[in-house]
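A.B. asks: Model the full assembly from the supplied sequences, consistent with the hints where possible.
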Amino acid sequence: MLGVFIIGLVVGFALFAFNSWVRSNGRNITWYELVLGILGFLLTGFAIWNYFGSLAENYPKAGLMAFVMIGIPGLLLIAVAISLIFRRRPASGNN
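Under the numbering used here, residues 8 to 102 are what the sequence shown spells out, in order.
Some hints could be false.
[Unchecked claim] Cβ-Cβ distance ranges computed for the label pairs, FRET-style: (1) Y39 - P97: 15 to 23 angstroms; (2) F20 - P80: 21 to 29 angstroms; (3) N35 - E64: 39 to 47 angstroms; (4) W28 - M76: 19 to 27 angstroms; (5) F93 - E64: 36 to 44 angstroms.
Calculated directly from the structure, the hints in this document are not laboratory data.
Cβ coordinates follow ideal geometry from the N, Cα and C atoms, glycine included.
C.D. replies: Take a look at the structure:
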């Protein structure tokens, strides 16, 4: 149970740091970039959780296959969301 608490703290801190960075650089995040990022993190988190659960039950091949089938699309969604955020120019306050 302590592991879930620590994971929650790390994810919360990462989201806070990302939000602070976005606000300090004057970038805007559209709704679809946010949805892509959240979906990617959920898929990747589920794949990691499934992998370690399969290792605990002594099925390493099943865990690896689940990570490949679920984790890689999650990582791709995160990469697409980040690239969409960085490709757009920062919003300027002079308009």
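A.B. asks: Which numbered hints does this structure break?
C.D. replies: 4
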